[in-house]
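> Please work from the sequences and hints to get the whole structure.
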Amino acid sequence: MHRAPARGTPVPRDDRESDMTDPAYLSTPQGRRIAYRRTEGDGPGVIFLGGFKSDMKGTKAVALEDWAKREGRAFLRFDYSGHGESDGEFTAGCIGDWAEDAEAAIEALTKGPQILVGSSMGGWISLLMTRRIPDRIAGLVTIAAAPDFTEDSMWAGFDEAQRTALEMVEQVALPSEYGEPYIITKKLIEDGRNHLLLRAPVPLPFPTRFLMGTADADVDLSVAHRLMDRATGPDIRLTLVKGADHRFSTPECLTLIEDMVMQVSAAIAER
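Per UniProt numbering, the sequence shown starts with residue 1, numbered consecutively.
Don't read these hints as lab results, they were simulated from the structure. The beta carbon of each residue, even a glycine, is placed where N, CA and C say it ideally should be. Hints should not be assumed to be uniformly reliable.
Claimed, not checked - Here are the simulated distance ranges between beta carbons:
(1) D135 / E89: 32 to 38 Å
(2) L240 / E89: 15 to 21 Å
(3) T250 / D42: 25 to 31 Å
(4) R131 / G31: 22 to 28 Å
(5) R163 / N194: 15 to 21 Å
(6) R131 / L221: 23 to 29 Å
(7) D159 / G233: 36 to 42 Å
(8) A266 / E167: 46 to 52 Å
(9) D135 / E167: 38 to 44 Å
(10) D135 / L238: 31 to 37 Å
(11) L240 / R163: 17 to 23 Å
(12) G72 / A215: 32 to 38 Å
(13) D22 / R163: 39 to 45 Å
Here you go:
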């Protein structure tokens, strides 16, 4: 499970990179307007799914897009509603909403089976996609995947005063080293319970690579082991990087992410 200090531990946003291009926008079936950037190329396409309160300008998303352009691969990055350049308020959203955003982006903006690359909360969202639209998933790479973090980290880490505040005013503020506090809503916690994954087997019948840093202070190493235990499939591997933190954005880590996508691509081609 996540490390859960008394005050709770949100999953931080990625490092940020500059991006001068204007995004395009997609209106989802639910009426939300989400921003995206798409690179044309060969398939299977690669889709980056970002973390909690992160956005598509993060270091990993931009680096993976650069890799896709060099390799001539189709690539998509996008912001969930209430994140980055998408419309909506962050505090109005929840795991179910952001999963709907991801599904809409995959269905409307890509063709054929895709390789999902999910970072932190994006790992949870990408795993949900393997259940919702399995015919659109060719392979999976996760980076510090954080399935079930609303329950196993946030709720489990709340003290009695925080739980009371959540019931009475339906939100609680958690400190963040990234600036303003995170506002965690009752909706986020309750909706998260409708999407828990680690209480049952997680079928992954395609090439799958889990990446995890041993110095991650936000997602406990036991989460990766628990996910590995729950995952079922013919080609699933977990790679631990000694000393890597939750950002997983050093040049060496970025290269490893690219290597894992290429490894998954090669395994798909051999099937």
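> Next step is simple, just say for each hint if it's right about the structure.
Going down the list of hints, with the structure as the test:
1. In this structure the hint that D135 and E89 lie 32 to 38 Å apart at CB holds, the actual value being about 33 Å.
2. Checking the proposed 15 to 21 Å range against L240 and E89 shows it is violated: the Cβ atoms sit about 37 Å from each other.
3. Range check, T250 to D42: about 28 Å between beta-carbon atoms, so the 25 to 31 Å window is met.
4. R131 and G31 have their C-beta atoms about 24 Å apart, which keeps the hinted 22 to 28 Å range intact.
5. For the pair R163 and N194, the supplied restraint of 15 to 21 Å holds, since their beta-carbon distance comes to about 19 Å.
6. Range check, R131 to L221: Cβ separation about 25 Å, and the 23 to 29 Å hint holds.
7. Distance hint check: the CB atoms of D159 and G233 are about 39 Å apart, consistent with the given range 36 to 42 Å.
8. A beta carbon spacing of about 51 Å between A266 and E167 agrees with the range 46 to 52 Å that was offered as a hint.
9. Under the hint 38 to 44 Å, the C-beta atoms of D135 and E167, about 41 Å apart, fit the expected range.
10. Distance hint check for D135 and L238: the Cβ-Cβ separation is about 25 Å, which falls outside the suggested range of 31 to 37 Å.
11. A hinted range of 17 to 23 Å is violated for the C-beta pair L240 and R163, which are about 34 Å apart.
12. Separated by about 35 Å at the C-beta atoms, G72 and A215 satisfy the suggested range of 32 to 38 Å.
13. Distance hint check: the CB atoms of D22 and R163 are about 43 Å apart, consistent with the given range 39 to 45 Å.
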